[in-house]
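Trainee: Here is what each chain is made of, one letter per residue.
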Amino acid sequence: MPPSATPPRRDAADSTAVAITLTVNGREHRLEVEPWTTLLDLLRERLGLTGTKKGCDHGQCGACTVLADGVRINACLALAVTRDGAAVTTIEGVAAADGTLHPLQAAFIAHDALQCGYCTPGQICSALGLLTEGHARDADDIRELMSGNICRCGAYQNIVAAVLDVARTERAETAA
Amino acid sequence: MNRFTYVRPVTVADAVAAKAGAPAGRFIAGGTNLVDLMKSDVERPPRLIDIGRVPGMDAVTALPDGGLRIGALVTNARVAYDRQIAAAYPLLAEAILAGASAQLRNAATTGGNLLQRTRCHYFYDPSMPCNKRTRGAGCAAIGGVTRMHAILGASEHCIATHPSDMCVALAALEAVVQVSGPHGARAIPMAEFHRLPGDRPDLDTTLGADEMVTSVDLPAARFTTHTAYMKLRDRASYAFAIVSVAAALRLRDGRIEEARLALGGVAQKPWRRPEAEEALRGRAPDEATFDRAADILLDGARGQGDNDFKIGLARAVLLRALAQAAAGGSDAQGGHARA
Ligand SMILES: Cc1cc2nc3c(=O)[nH]c(=O)nc-3n(C[C@H](O)[C@H](O)[C@H](O)COP(=O)(O)OP(=O)(O)OC[C@H]3O[C@@H](n4cnc5c(N)ncnc54)[C@H](O)[C@@H]3O)c2cc1C
Ligand code: SF4
Ligand code: FES
Ligand code: FES
Chain A
1 MPPSATPPRR
11 DAADSTAVAI
21 TLTVNGREHR
31 LEVEPWTTLL
41 DLLRERLGLT
51 GTKKGCDHGQ
61 CGACTVLADG
71 VRINACLALA
81 VTRDGAAVTT
91 IEGVAAADGT
101 LHPLQAAFIA
111 HDALQCGYCT
121 PGQICSALGL
131 LTEGHARDAD
141 DIRELMSGNI
151 CRCGAYQNIV
161 AAVLDVARTE
171 RAETAA
Chain B
1 MNRFTYVRPV
11 TVADAVAAKA
21 GAPAGRFIAG
31 GTNLVDLMKS
41 DVERPPRLID
51 IGRVPGMDAV
61 TALPDGGLRI
71 GALVTNARVA
81 YDRQIAAAYP
91 LLAEAILAGA
101 SAQLRNAATT
111 GGNLLQRTRC
121 HYFYDPSMPC
131 NKRTRGAGCA
141 AIGGVTRMHA
151 ILGASEHCIA
161 THPSDMCVAL
171 AALEAVVQVS
181 GPHGARAIPM
191 AEFHRLPGDR
201 PDLDTTLGAD
211 EMVTSVDLPA
221 ARFTTHTAYM
231 KLRDRASYAF
241 AIVSVAAALR
251 LRDGRIEEAR
261 LALGGVAQKP
271 WRRPEAEEAL
281 RGRAPDEATF
291 DRAADILLDG
301 ARGQGDNDFK
311 IGLARAVLLR
321 ALAQAAAGGS
331 DAQGGHARA
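Residue numbers (the UniProt record's numbering), protein chains in the order written: chain A, 1 to 176; chain B, 1 to 339.
No wet-lab data here; the hints were simulated from the structure.
If you're wondering where the values come from, they're calculated on a predicted model, not measured in any experiment.
Where a beta carbon is used, it is the ideal one built from N, C-alpha and C, also for glycine.
Warning: the hint list may mix true and false statements.
Partial selection, computed: residues in chain A whose CB lies under 8 Å from chain B [unchecked claim]: (1) Asn25; (2) Pro35; (3) Leu47; (4) Thr50; (5) His58; (6) Gly62; (7) Val71; (8) Arg72; (9) Leu79; (10) Glu144; (11) Leu145.
SDA-like mimics (lysine to any residue), calculated; alpha carbons at most 25 Å apart, straight line [said to hold, decoys possible]: (12) B:Lys39 - A:Asp57; (13) A:Lys54 - A:Gln157; (14) B:Lys39 - A:His102; (15) B:Lys39 - A:Cys56; (16) A:Lys54 - A:His102; (17) B:Lys39 - A:Gln157; (18) B:Lys39 - B:Thr5.
Turn these sequences into a full structure, and let the hints steer you where they fit.
Mentor: In structure tokens:
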């Protein structure tokens, strides 16, 4: 749960729509949302950010993975209202502003870590979260800690290779 | 999803009052179970009470008796990777990491994990009769597909299992659930928190409809070196337990001084029997001793057809988990939550 210094109070008397603020890929949005809107539907349907995919809509596939305040979550199981105030990163916000790919994106291409590509935005956001968490030491760890992202095309071998590649480079850089 | 109103209380008292004012409403924390159930029309609360910003419930703190208090809002990931917990209660960290996925653990909270509902497929399908969803409707699982269902403590009204991994470890560690209601606070030991179905399968726990969980308290650590959480499932990760075991031993001079055992995936609550733990006390940690404990723990186990295999499986996993715990726990095997 994102801690907030002065938690805003909401009363039952409010109309059903709720005013929230979300910073998405660095841009602040003030929005009125119905409380049953998921973060996934908000991103795709309201903000037009269709890079984040809807696979199962039940937390079972990881296609909807985004970073909320730097932490990877399933956007399909998060009601947007509960994330009021959060900074969200979607796949559209992963590359640099000038279009330079993030090393993970480059590694996915270099390792041919996709076939149809439907799971890829979720895989990449999930791997970003994994790298920040810092608990993956080897390929087995990556397999276990990326298990929340299903790939119907079965590109797992190359996905693990791509993530491992970036994890090793990052570790070498921190060590240097 | 049904339409509902949304409130965001900022104190425990406000949250409890909001629930009292809307008895059919639901608290929402991480939302990973509730939102899923609402999408399936299994839950249709007229009001959601978002407790995510109630202060004072999102930390792991030391208790005067040497134990630890885990606030109800602390995420499963934070508990599993908390240094104090990893050091003193590795069984709990291991059990949490054996559940769900990294993304889900980042959102799921301690309170929500305790109160997650069964994964019985019929419960999830509103077109099927289910006593847990609707009192007196009947149970579609009995005589149906029962691979995931209970072998212990079931009733003629419900044969569901509780799906949590975390709770199996909390039961073995004899954690205490702290709750608050309109009439004040009280403490519920883990052994009494979840209910067997009996003739009220609609009631999963002994928590009052007007109460909320504020923390889970761990007693001062007594099982740190010889523990093991072992989980068997249909794939290596990201699947609910078919059977899981939390085993905790204290060894002294080659004998078992004290033991705790709990089974997951076999009943509507983490399955413990103090007699099985008593049977281990004072004995050498060998197979004959473990066998005797398994006999007691699994006494009365009954399959439903598809899940008959769970009885033998539970025994096998129990023996392996005990052997692993006696050998010095999972770390001795070089693994972490990969079983
Ligand atoms: C695909 C998938 C796989 C999973 N696999 C596993 C697994 O292998 N092992 C496992 O253990 N779990 C698994 N889970 C379940 C997951 O652990 C739970 O969904 C999670 O722990 C629920 O926590 P939450 O904070 O999101 O709860 P919510 O969804 O917010 O709430 C769940 C329930 O608890 C109530 N509640 C929440 N907080 C409180 C409180 N403080 N006081 C009173 N009531 C409260 C809510 O009203 C609601 O009824 C899986 C889930 C999914 C979707
Ligand atoms: S086993 Fe329990 S939860 Fe499943 S259908 Fe029967 S009553 Fe419902
Ligand atoms: S769409 Fe969210 S996990 Fe599948
Ligand atoms: S590349 Fe097709 S689902 Fe993963």
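Trainee: If a hint holds in the structure, say so; if it does not, say that too.
Mentor: Now for the hints, and whether the structure bears them out:
no.: 1; hint: Asn25; verdict: violated, 19 Å
no.: 2; hint: Pro35; verdict: holds, 4 Å
no.: 3; hint: Leu47; verdict: violated, 20 Å
no.: 4; hint: Thr50; verdict: violated, 20 Å
no.: 5; hint: His58; verdict: holds, 5 Å
no.: 6; hint: Gly62; verdict: holds, 6 Å
no.: 7; hint: Val71; verdict: holds, 5 Å
no.: 8; hint: Arg72; verdict: holds, 5 Å
no.: 9; hint: Leu79; verdict: holds, 6 Å
no.: 10; hint: Glu144; verdict: holds, 6 Å
no.: 11; hint: Leu145; verdict: holds, 5 Å
no.: 12; hint: B:Lys39 - A:Asp57; verdict: holds, 9 Å
no.: 13; hint: A:Lys54 - A:Gln157; verdict: holds, 23 Å
no.: 14; hint: B:Lys39 - A:His102; verdict: violated, 35 Å
no.: 15; hint: B:Lys39 - A:Cys56; verdict: holds, 11 Å
no.: 16; hint: A:Lys54 - A:His102; verdict: holds, 23 Å
no.: 17; hint: B:Lys39 - A:Gln157; verdict: violated, 33 Å
no.: 18; hint: B:Lys39 - B:Thr5; verdict: holds, 16 Å
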